[in-house]
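Participant: Listed here are the chains, written in short residue letters.
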Amino acid sequence: MSSEILLIDDDKVPMKYYLMALKKAGFSVKQCRETDEALNYATMRKKNISLIILDIIMSPGEKYNNCDTKDGTLTGIFLMDDLENIPLRVPYIILTNNPNPFITQYINSKKGHEIKYFQKKDLPPFELVEIVKTMIAGNY
Amino acid sequence: MTDKRKKIKIGYQSIIWRSVNNNLPYALDTIAGAGYIGVEFAQRPDELGDIGQLIEMCRQRNLTILGFAGGSLVDRVNFCRDFKPLYLYIKDWDDQNATYAIEKGFTLALHPHVYMHIHRLADALKLLEIHPEIKFLPDTAHLTIVGDDPVEAIRMTKDKIICVHLKDWTSKYGRSPFRYARGFTELGKGVVKLDDVLEELEKIEYSGWIVIEQDKTDSYPEKSIIECSGWLEKKGYNIKCNLVKNNGRRMNNYNSANAIKLKSINSTALRDQYFGNINSLFYQKFINIGHFFNTLLPCLPAIFKPNICAVWACSPANNLLSLLAESIPEIIQEPITSTIFVNKTFTGLAMEKQSVTIFYDLQKELDGRRFGQPDILKYIEKPIMISIPILNPDNYDHVQFMINIIGEIGAEASHIDKDLFASLAWYIAAAAQKVIEELCSDAVSSINYIAAHENDVKSFLKCIITIIQEKLNAEGVSIWLVNERGDKLAVAAATKIIWKVNEEQQFYAEGEGLTGTAWKKKETILASDRWNYPGYIGKSMEECATDDEHSLIIHPWFDIKGGVIGIIRCRNKNLDYMVGKYNVFSEIDIAILDSICSAASPHLILLLEKERRLKGLSKLTHELKVPLVAIRGATQMMIKETRARSYKYEYDYFKDIWSWSELMGRLLSGSDILAAIFSNMTLNQSSAFIFKDIMAPAIRQVQLLLEERDFSNDNIKVNNYEKIPRLWLDINYFQQVIFNLLSNAIKFAYKDQEIFTIAIDCDDDGDKYVIKFRDWGKGIQNDVKEMIFMEGYRGAGATDDNVIGQGFGLWIAREIIRAHGGCIEVTNLKFPTEFSIYLPYDLKEIPKTK
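Chains S and L, in that order, are what the protein sequence lines are.
In terms of numbering that gives the first Met the number 0, the first sequence is residues 0 to 139.
In terms of numbering that gives the first Met the number 0, the second sequence is residues 0 to 849.
Calculated directly from the structure, the hints in this document are not laboratory data.
Watch out, some of these pointers could steer you wrong.
Below, simulated DSBU-like cross-link-like pairs (lysine-lysine); rule was C-alpha separation at most 30 Å, straight line [as the list claims (entries may be wrong)]:
hint : chain 1 : residue 1 : chain 2 : residue 2
1    : L       : K5        : S       : K11
2    : L       : K5        : L       : K284
3    : S       : K23       : L       : K618
4    : L       : K234      : S       : K115
5    : S       : K109      : L       : K457
6    : L       : K691      : L       : K538
7    : L       : K234      : S       : K62
8    : S       : K11       : L       : K639
9    : L       : K457      : S       : K22
10   : S       : K69       : L       : K691
11   : L       : K3        : L       : K234
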């Protein structure tokens, strides 16, 4: 498989196991740890990206500094809107540590979009791989 | 107890007896008997008789006359003649009168007073600098009420202090002009830092006078005076009380003195006419003060014709009087002006005199004042006006209302009995006071009621807004809270706010605009015309149906310690034609609003504290999840590699690590769910199999709890799960329900492995799905089968058996099931203990949000 997965998460150590598992499964993975970097990369590589794995709690960066990210706990939501407007209409997996009712409401508002939402503690690396495979194949 | 304290002299002020009249010797006997050696007189000179006799009475009782506080400064100067007391009390500055007094050789002592022009320490310091000849008379309670520190006041003015008014105050009645004086209380019963004040006096080696000024008491004067003596004696002051408490004896107070006057009216018919109709007002309920006065006015005697009556609400720190009620004959077409200036009108003059005043010539100017409504005079030949101040029975400094009666001079005019109207004024004052107290009390009851039912800040504040709208008839209301850093006021709840700035600027800094000014100064702003009010910047306003009305209250919300936790704004008072035609906010509205704030404050602080703790818990949970995710990731990688290399360890360490991490994840979920419940849980529903997605993971998660007790998960049976189809459930939350039930069953099981059994049976009841959860543990007592679902409840068994837990498990389970539209109950107490979960059929259907 040569699909590229864009992983946007500012955590380094916990995410390396997810990176290792995805690479073992044959995916090409790029991790961006900052929102500005992620937007730039996504814009450049939009034709190659098949799926995005996105954390919600991140530092707002320059782009979202003046937005109401609630001290960074909702940065991913603002980022996701901008990614979709690139346009980058691919499946999204929201993978976060903290459940937040805003996330559920946001996902529910995105009818017709392929978005799945998991807590990291409930989705160890190889289970994520299975879900990625299914979503890229369009079977989820 | 130091010698320094023994040097300080203690006096007492006579205000507690109101009008002393024939009781002056008794009052002085009581003061001297209680151990005081000085007296400051609060009564007006005309109530004190002759200065020579007064001096003699005090000399006989070894009482030093410290000062005079009542009546005008000029009257007191003239009363004293050649006698020079230690000081004459002033609470304001008038160049002419002060110069007169100083030139006569009197020492003036400045006493900053709540709701007067000089009410803050900063104002007093300015005046003391401009007029170094005057002395300082700090009052510990008045300084506390306005937010100043009496200790700091003493420290900054130590060379100027001529006497200290030592007074205590409780904040339970709030700070409004109408009710703050109810809070004055005996020494040691309030919030004033009296011990700190006394320590500071020692530090500065003060050896002057302290005067106990007990404005009012909830008991009676003798008891109060003895209590204060006793308190001072315990603190090491040179005072010894020789009075004996006598519960049965009371002095005549002011009201009793008035009763004597009423009895002297010979005509029963006249007395009945004047007071009889008013009596009935004591038994009625009024929805606001305008309603009361509109009911009262027709009861007042018709002295002459035509008879125009008007009632004005006074604002102590404001230059305006606001019309509350009127009674006008139809012949008069002009409406009465709804606001008049105190310093320009006859009404204001009578208000300042605080006594019934008859104005015989309404066409001419008097002392720089004029009649405020000259256009109605054309209807009345030779009109006169009687202005009756209605004082606050709890606070003689406060004129609450002014009643004006305007009519034609006739033969009756020469018989107008001012004393009779003064008595009438007290009667009306008592009735009005009852109405105001009831309005405040009703508001407080409403707050206490909602506080018992609202569990989060947002919904509590919304309910408060509803109550404010109802009680004040306010159209637009907003509540602003000070942020955690204490540098911004942000809107927390509102009817609707219109902002004139962009989102980043939607807050107020301290001192910014009227809202920030009220915060900074800790003072209520009552504006009948906000656009012309100094400091108005127009950053935001509450949306109202019309923009014609300008009436506005901006009120600081205090906590119990006197700090400002927020601001409440009310805009536009709605007209209520049934009870009155006037829609300007008045001090009565402030009194009600203040009562609401005082009652709501402790509840709000508790809710805010709960929110802060939950936020802290969420942050901690989030931090704990990061290493957990890393551990699970690394473990899974190790499992894969180990299998790939076919290596076998002697023991399945990975299984243990995995199980512990699952348990830890579930426990952390419990913490998340707790926070979610308090902030209105939102379900993340997906289509789930009851066994595969809910039961099986939960059983895995309790694996280690089973192992701890040598139980086997073979003893956990799930039956007939195929009877329940895929349901749209929040998988994480529902796993928590089963986990909580399982972990309870394990914790409260008998230690015998043979007995340990958990059976979970699923069924389709025809109109709902049923999950019966049974265990053969220690069971539940019948009297607690409802209580076990309460937040934080832990049964006696939990403590006896040293079972760990916080008492949230079943409460969380019930909240989650309720959020899904179902319910849970105990359907058998023991052998087995049975919990039944009922889930609605419509969980089969995809939710509307999806």
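Participant: Which numbered hints turn out to be false for this structure?
Facilitator: 1, 2, 3, 4, 6, 7, 9, 10
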